[in-house]
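**Q** Just so you know, the sequences run in chain order A and B. Residue numbers 8 to 264, in our numbering, belong to the letters of the first sequence in order. Residue numbers 24 to 325, in our numbering, belong to the letters of the second sequence in order.
A hint or two may mislead.
Claimed, not checked - Here are the simulated BS3-like cross-link-like pairs (lysine-lysine), alpha carbons at most 25 Å apart as the crow flies: (1) A:Lys110 <-> A:Lys87; (2) A:Lys87 <-> B:Lys59; (3) A:Lys127 <-> A:Lys193; (4) B:Lys219 <-> A:Lys82; (5) A:Lys110 <-> B:Lys219; (6) A:Lys127 <-> A:Lys194.
Hints are computed from structural coordinates only; laboratory data are not their basis.
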Amino acid sequence: MLQVDNLHVIFGHGLDLNHAVKNVSFTVGQGESFGLVGESGSGKSTVLNCIAGLINTWQGEIEIDGERLSHRRPKSFYRKVQMVFQDPYGSLHPRHTVDRTLKESVNIHHLGDANLRVVKVLGEVGLGPQFRFRYPHQLSGGQRQRVAIARALILEPEILLLDEPTSALDVSIQAEILNLLQDISKKRNLTSILVSHDLAVVSHMCDNILVMSQGATVEALSCDQLRSGDIKQRYTRQLLVASKGYDRAAIDQFQDY
Amino acid sequence: MSSTRRWQHWLLSDSPASPFQAAAGRTYLGLAEFLKNRLAVFGLLIIAALILIAFFAPYIAPCDPLVTNLVNRLQPLSAAHYFGTDEVGRDIFSRIVWGSRLTLYVIGLVAIIAAPVGIIIGTVSGYFGGLIDTILMRITDIFLAFPKLILALAFVAALGPGIENAVIAIAITSWPPYARIARGETITIRNGDFIKAIRLQGAGPIRIITGHIMPLCISSLIVRITLDMAGIILTAAGLGFLGLGAQPPSPEWGAMTSTGRAYIIDHWWLITMPGTAIFVVSLAFNLLGDGLREVLDPKSDN
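One chain only, chain B, in its complex shape:
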């Protein structure tokens, strides 16, 4: 007890002794705020579980997700096959466990590609304004003008189906909103006195944008990306469903619902199990995003 007290005292100190202590105290307050939101914590737990399941997939899955067993096809839920088996006798539970890796792979790659592109284009455009802003924003407009799924479809059709091409297609269609958000934030920040002040210290545009503007844009961007994760999962599943994402026999959840569609009347578990997995993970990201918004929103400074 006294040791917890001491930690808390150290974290909430009025006069931190190092930059690390100051940052830790700030993180602690944010975390405390976040933990107050039960639903967001619930979302975070599901996502943590997803990551653990993906990491330990070989130990969790009872069967090989790719091994077919025609004798055992279309078996209902049982102790041997928790979620039943599919039309070629593969264990659905094992396929969903291995499929979590593909899901994480897609959202991870999309976030890594789309977020930096969006924030760089947005902040540069917002900070410089004028001609640079016009050019960058018209390019953004062009990407925004394409219907998202159609552009992704066209891209996958041109590059050939496959999970990597689906990721590229989704990333290309999802950065423009991030650029817009980052630009909007930058425009409200750039005329602030603290930006004038750092300009008067002699800082160049690169230092101002990366060190002073980006940290203030990142929080609203993280919230937006987390909320978009659900959409990304659904788009990836949609591409899989249309046969343009992950290719059989890889255990991608969208592709699984697609093949399950043919058996929906008599063998409901084929489509219900991967469908539920998509639903639960999307919901978890939405809950987490809402919770993060309350903690990170720069307008509600704690």
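Here chain A stands alone, though its shape is the one from the complex:
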């Protein structure tokens, strides 16, 4: 479904040059849920932005359904690939109602039946009709993230890119949003890529995992390998310990990679 080959991303020139992603390759199958894991600055979000077309300075190959993507994306691309952002407070237009935010996508692609589609997709993400004409400032973080998910779903994409969709939410809401994403992915048979720093979240959601550090691939794992502890790299093991919560003794033993 989605294939990334030898992806390199370089920002800046000369002394400011930053090789943010180094030779990353992976394949995601139809209906599969794929996880990209790593600490801050490991380049995992950059990879996602390259696939979405938000970054234009990449080299390498990105293919969807065997079709190679160029730096400029046609309009039809956005009906196939959609993204949910990390910060629900920043990803909704502050002066647009939920209704307007969702209808905008329908209007861009001239899909018609805007009202029906909006009501349907809001129901799907668990928001009742009373939320339809609210402004973002009248919504909680979790509700905003549901609106952002609804916006991604209203175009009926095949691939969903999730950029740390729960890290800005409080812990009690995180599980709700993750379950919602899992249910929707299953129901719509979506292919999804989840970026996260939290191995626990990724092991809950994903079938296959790619661990990244400082722009490079550390190792590729399946979810079963992760659960059984069949981990080869020490960095991955350290991430796993870190995701289990704060432990003074464990953190003292951490190394920088």
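Place chain B on chain A using the hints.
**A** Structure of chain B alone, referenced to chain A:
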């Protein structure tokens, strides 16, 4: 009472049933915030009065502002002539009432010409960046580099004196600051997640700029334009004073102060009355602008 309550309940509803109700609720909250600022309301009342006076000028003014009466020249304030008469016997009160039309005409036209030019150039420049930004901003710099009044003077001198040419001259010199403001706002907005999100919905640059960036720039622009209104009135009056704005005998306030200057020692009302009118209207716009800033400033989201 219960009907007011019902309206308030409808306006402040947590779950509006239509886009109209949502927008009305938002406007209501903004209005309530604005009404808390007494000075701004005072400014708004003066401007409302100005508009009403301009609209009903023929009914309010007791005399024809252009009819001269040399027997009656330089009369002091009286019941027959509230603000006295000028050097050719025209009723000053009537001239000020009719002059309000010219004032509104000037600020209205300048706002209609300068604001859209400024916001379009600013948002386009800020959104695209790169070469487009450089070219548009250097053009803006060139306009900013001219002293405002001198450029207006040169323009009026080239096109010939008259109120329309004064308006064009003022509009040409007043858009660059708006472009700068709009560009600054756009640059802070354009890397926001909600702009990335709409790009990922497949929106083109025109839709993004007009539907998503402009609404966020407009509020600070409205505040700035309202505060500039006072300056526009003063520039128009200044051009009139120099004889390059409205031409006699039209009752423009700046031109009236100019002719009154010759009589300032013995007949103070000739210059004081139009001068006070300019002062009051400029002050009202400044007060209104300050009040609007508190309501519309995107940084203080209510």
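**Q** Confirm or reject each hint.
**A** Hint check:
1. A:Lys110 <-> A:Lys87: With a Cα-Cα distance of about 18 Å, the restraint between A:Lys110 and A:Lys87 holds, given a limit of 25 Å.
2. A:Lys87 <-> B:Lys59: Cα-Cα ~50 Å, so violated.
3. A:Lys127 <-> A:Lys193: Within the cut-off at roughly 17 Å; holds.
4. B:Lys219 <-> A:Lys82: holds, 15 Å
5. A:Lys110 <-> B:Lys219: holds, 17 Å
6. A:Lys127 <-> A:Lys194: holds, 14 Å
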